[in-house]
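Engineer: Fit chain Y to the known structure of chain R by using the hints.
Each protein sequence line maps, in turn, to chains R and Y.
For the first sequence, counting from 1, position 371 maps to 371 in my numbering; every step adds exactly one.
For the second sequence, counting from 1, position 173 maps to 173 in my numbering; every step adds exactly one.
Incorrect hints may have been included.
Identical chains blur together in the list; that is why a pair holds if it fits in one copy or across any two.
What the hints assert, rightly or not - Distance condition first, Cα-Cα at most 25 Å in a straight line; then the derived SDA-like pairs of lysine to any residue:
1. Lys311 <-> Asn340
2. Lys443 <-> Gly366
3. Lys175 <-> Ala355
4. Lys101 <-> His142
Read the hints as simulated data drawn from the structure, not as lab findings.
Number of protein chains: 2
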Amino acid sequence: MSRFTRPDWISAQRVQLDSRLALADAVGPQHGVSAQELADLLPNLRSVHAELGRRRASGELGFYQLPGQDITPVLEAANWVRDGFDNFLLVGIGGSSLGPKAAHAALRSPLYNLLSREERGGPRLFLLENIDPVTVSAVLRHLDPARTCVNVVSKSGGTAETAANYLVAREWLEKSVQNPREHLIATTDPANGDLRPLAEREGWRTLPIPPDVGGRFSQLAAVGLLPAAVCGIDIAELLAGAHDMDLRCATPDLDTNPAYRLAALHYLADTRHGKPMAVMMPYADGLRSLADWFVQLWAESLGKERDLSGKIVHTGQTPLPALGASDQHSQVQLFVEGPNDKLITFLRVEHFAEAVQIPSLHGDVGSLAYLGGATLERLLNVEQAATEAVLRERQRPTLRLTVPELNPFAMGQLFFLFEVMTAFAGGLYGINAFDQPGVEHGKRLTYGAFGRAGYPDLMGGGGK
Amino acid sequence: MSRFTRPDWISAQRVQLDSRLALADAVGPQHGVSAQELADLLPNLRSVHAELGRRRASGELGFYQLPGQDITPVLEAANWVRDGFDNFLLVGIGGSSLGPKAAHAALRSPLYNLLSREERGGPRLFLLENIDPVTVSAVLRHLDPARTCVNVVSKSGGTAETAANYLVAREWLEKSVQNPREHLIATTDPANGDLRPLAEREGWRTLPIPPDVGGRFSQLAAVGLLPAAVCGIDIAELLAGAHDMDLRCATPDLDTNPAYRLAALHYLADTRHGKPMAVMMPYADGLRSLADWFVQLWAESLGKERDLSGKIVHTGQTPLPALGASDQHSQVQLFVEGPNDKLITFLRVEHFAEAVQIPSLHGDVGSLAYLGGATLERLLNVEQAATEAVLRERQRPTLRLTVPELNPFAMGQLFFLFEVMTAFAGGLYGINAFDQPGVEHGKRLTYGAFGRAGYPDLMGGGGK
Numbered sequence: 001m002s003r004f005t006r007p008d009w010i011s012a013q014r015v016q017l018d019s020r021l022a023l024a025d026a027v028g029p030q031h032g033v034s035a036q037e038l039a040d041l042l043p044n045l046r047s048v049h050a051e052l053g054r055r056r057a058s059g060e061l062g063f064y065q066l067p068g069q070d071i072t073p074v075l076e077a078a079n080w081v082r083d084g085f086d087n088f089l090l091v092g093i094g095g096s097s098l099g100p101k102a103a104h105a106a107l108r109s110p111l112y113n114l115l116s117r118e119e120r121g122g123p124r125l126f127l128l129e130n131i132d133p134v135t136v137s138a139v140l141r142h143l144d145p146a147r148t149c150v151n152v153v154s155k156s157g158g159t160a161e162t163a164a165n166y167l168v169a170r171e172w173l174e175k176s177v178q179n180p181r182e183h184l185i186a187t188t189d190p191a192n193g194d195l196r197p198l199a200e201r202e203g204w205r206t207l208p209i210p211p212d213v214g215g216r217f218s219q220l221a222a223v224g225l226l227p228a229a230v231c232g233i234d235i236a237e238l239l240a241g242a243h244d245m246d247l248r249c250a251t252p253d254l255d256t257n258p259a260y261r262l263a264a265l266h267y268l269a270d271t272r273h274g275k276p277m278a279v280m281m282p283y284a285d286g287l288r289s290l291a292d293w294f295v296q297l298w299a300e301s302l303g304k305e306r307d308l309s310g311k312i313v314h315t316g317q318t319p320l321p322a323l324g325a326s327d328q329h330s331q332v333q334l335f336v337e338g339p340n341d342k343l344i345t346f347l348r349v350e351h352f353a354e355a356v357q358i359p360s361l362h363g364d365v366g367s368l369a370y371l372g373g374a375t376l377e378r379l380l381n382v383e384q385a386a387t388e389a390v391l392r393e394r395q396r397p398t399l400r401l402t403v404p405e406l407n408p409f410a411m412g413q414l415f416f417l418f419e420v421m422t423a424f425a426g427g428l429y430g431i432n433a434f435d436q437p438g439v440e441h442g443k444r445l446t447y448g449a450f451g452r453a454g455y456p457d458l459m460g461g462g463g464k
Numbered sequence: 001m002s003r004f005t006r007p008d009w010i011s012a013q014r015v016q017l018d019s020r021l022a023l024a025d026a027v028g029p030q031h032g033v034s035a036q037e038l039a040d041l042l043p044n045l046r047s048v049h050a051e052l053g054r055r056r057a058s059g060e061l062g063f064y065q066l067p068g069q070d071i072t073p074v075l076e077a078a079n080w081v082r083d084g085f086d087n088f089l090l091v092g093i094g095g096s097s098l099g100p101k102a103a104h105a106a107l108r109s110p111l112y113n114l115l116s117r118e119e120r121g122g123p124r125l126f127l128l129e130n131i132d133p134v135t136v137s138a139v140l141r142h143l144d145p146a147r148t149c150v151n152v153v154s155k156s157g158g159t160a161e162t163a164a165n166y167l168v169a170r171e172w173l174e175k176s177v178q179n180p181r182e183h184l185i186a187t188t189d190p191a192n193g194d195l196r197p198l199a200e201r202e203g204w205r206t207l208p209i210p211p212d213v214g215g216r217f218s219q220l221a222a223v224g225l226l227p228a229a230v231c232g233i234d235i236a237e238l239l240a241g242a243h244d245m246d247l248r249c250a251t252p253d254l255d256t257n258p259a260y261r262l263a264a265l266h267y268l269a270d271t272r273h274g275k276p277m278a279v280m281m282p283y284a285d286g287l288r289s290l291a292d293w294f295v296q297l298w299a300e301s302l303g304k305e306r307d308l309s310g311k312i313v314h315t316g317q318t319p320l321p322a323l324g325a326s327d328q329h330s331q332v333q334l335f336v337e338g339p340n341d342k343l344i345t346f347l348r349v350e351h352f353a354e355a356v357q358i359p360s361l362h363g364d365v366g367s368l369a370y371l372g373g374a375t376l377e378r379l380l381n382v383e384q385a386a387t388e389a390v391l392r393e394r395q396r397p398t399l400r401l402t403v404p405e406l407n408p409f410a411m412g413q414l415f416f417l418f419e420v421m422t423a424f425a426g427g428l429y430g431i432n433a434f435d436q437p438g439v440e441h442g443k444r445l446t447y448g449a450f451g452r453a454g455y456p457d458l459m460g461g462g463g464k
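Pulled out of the complex, with its shape left as it was, chain R reads as follows (with noise of 0.2 Å):
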């Protein structure tokens, strides 16, 4: 019998959020939501759901289809890079590389690229996804190219960043392989851009980025599932985290919908509270990469300007990674004392994969002493709870998500939940979450000053 068929197994591995900390009755009135806002918000909300599953039913919203698919031609490819090469190299930037970037780092170990295949369980993981010469220089350095697969992920085929590190990487394997298109996969659009039409033309492996799926929210498209499968992780488990997340977010009802409740509590929080700034501060370093995803979720999908009857508005609450307990020793000082203007997210992990016991040694030693016996699982989780109450204390709003394990389907729940959450606040801010217009004009600038036909150059001084 298949755990996801045994509903005690789910429940226990659900993550659960636990909003107290973020209300008027714990931190008072000034920089906690009421229960009167949150019931004020009801109407809002209600329409703003309708209008989610309006959108959802026509099938504009389509990362909801995500946890439905069908995931063999990724599982297929998969086996192909598992079986035909010892490193994977990913080309993509934004949401081609910050999702899979979360993935690995919570569901493998931190040094994966330096174990053995036979510990890592799959092919070395590297990416190209910035265009700095010098990690660009070192990885096709290190790699050997007859060993590698290049996987190119650009949602709409053009990204100039992934535009350029494909044809850097491409001169690299035509200098050694024989056949280049034998080492490449390209997951895209299924019909739009430059990137399809090519592949099809040459006859690379190809994977489909869902049409109505934008890149901050295609990590459960072949975009994070292929070079998480290709590197053992199960990908089922994952879209049934995000399954069975997406049933607890059908509800409008605030008290049972964690997505919404999140939504909601950020919401006021920034337009009724003076939190302008929403911290992600993971206790895990797994999960640290994770605030990373989120943070591009939240500050591209929010920030925007918009027109509310010829006044023109900035919405958007600015998104903070931090870690527990390294940032005690960086940014807590800052939380703590500087000012009320955050609405901080704990994420807390409530078994880790690893016991760690603290030793008792230097028994005479003040500073040593008190920690041996402990284990560094609950040292970590004492340091969050200590941290959360020393904030409530300064009436500083704080929320926690639980997290019972650090495994795919808890993964899989928790990148759903950020999805839902960011397009139901979308609702409540009134914008539209899916764009990012105010990113275009700084791309045909680039394109003006590298001459690309049909963009003038507009800075003056350019050329290549």
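Structural biologist: Just chain Y, lined up with the frame of chain R:
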């Protein structure tokens, strides 16, 4: 003749600040700082300058003395590590790991630990900088204790996380090697704390952190110099860069002192122009960790509660790390269209150590062909200029620091520049930039929960 006796070399290698796009002339009086505001700051500025000078002369601000220190003991210790070990394991948190990581990321290969000893130029570098049991297990399982040197770094000698990880690493050493003390180096206060007497009693090697140098200002003390020297970084050039920056920061003249100018512009942006956030956005992978180091420096130094004749004031701009070009596909949409509440500092590298030419391939594919013949360096820097131009059009203030090349001389300048900037900003805000009282209570709560002698268990349900 040493390069440091050649003024032309030095001047060509100096980090340059361009602040024009942070001024009212460029982005308007609402969001930009005016000449009048800078002029009005002069009396305050002169008194902060005089006060820093007084404290420096009295030996209170030890970080100012670090460029002139005798590095012989560090080099000696580094040679001992390089000769005797394959792995260097740094156990430290906050300032004890952020600085070492920043120098390493900027000046060593991004694939350092994957390279051969010859390619690397030194032992492999690992860190235990958090108490995550998965990370700690993975690192200790991977390393051979017989070939590993453990550097325990703690100013106070009593940091709980460092103490816990030290105990775990100590037991790991004891299980496999005859004389654990021959694998240990302590970097700590020369007199205070529990680590110093323990190390001396057992006969470990030790290096000092001067008593008047706090954790986040200790990168140019042995904290940062030892791991740098172990990995083959020229620490004499690092200090030469810091010394050169010190010379440039000797004047209170805002037109020539880049640290004071940065501090003044950030202070005015925060207090007069509604910019509670400071973004540090390098366009170079190697400087991304420097942004994390800056986050601690700025957040922990300036995030303070202050009693202003009976009125409680909360100070501190929230620092935000970013990375170009990657974050053009993540945070930049928010920076461009969201609330105009940030001052953004770009770090731009003029010449990278590697040249990567983008080949002319696929001449018939529109979104690829225009890139052929350019370099990645050029593309990266054109994108930086394009992002800056878009932000300017939207009246968003930015600063640009240009780094001629990523070398130890440049990194020394940057570390020192940001340290002086932070110390000076502390003076402008009228707060103590060198303490962190807000995190002490959380430490006491943790001690109490673990039953440390003298600390009551205030959280309840505690114990190990």
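Engineer: Hint by hint, note whether the structure agrees.
Structural biologist: Results of checking the hints against the structure:
1. Taking identical chains as interchangeable, the C-alpha atoms of lysine 311 and asparagine 340 lie at most 25 Å apart only when they sit on different chains, with a minimum of 15 Å there against 28 Å within one chain.
2. Taking CA atoms no more than 25 Å apart as the test, lysine 443 paired with glycine 366 passes between copies only; the shortest distance there is 15 Å, against 58 Å inside one copy.
3. Taking the shortest Cα distances, lysine 175 and alanine 355 sit within 25 Å of each other only across copies (18 Å), while inside one copy they are farther apart (47 Å).
4. For the identical chains of this complex, lysine 101 and histidine 142 are neighbours both inside a copy (20 Å) and across copies (22 Å), given an alpha-carbon limit of 25 Å.
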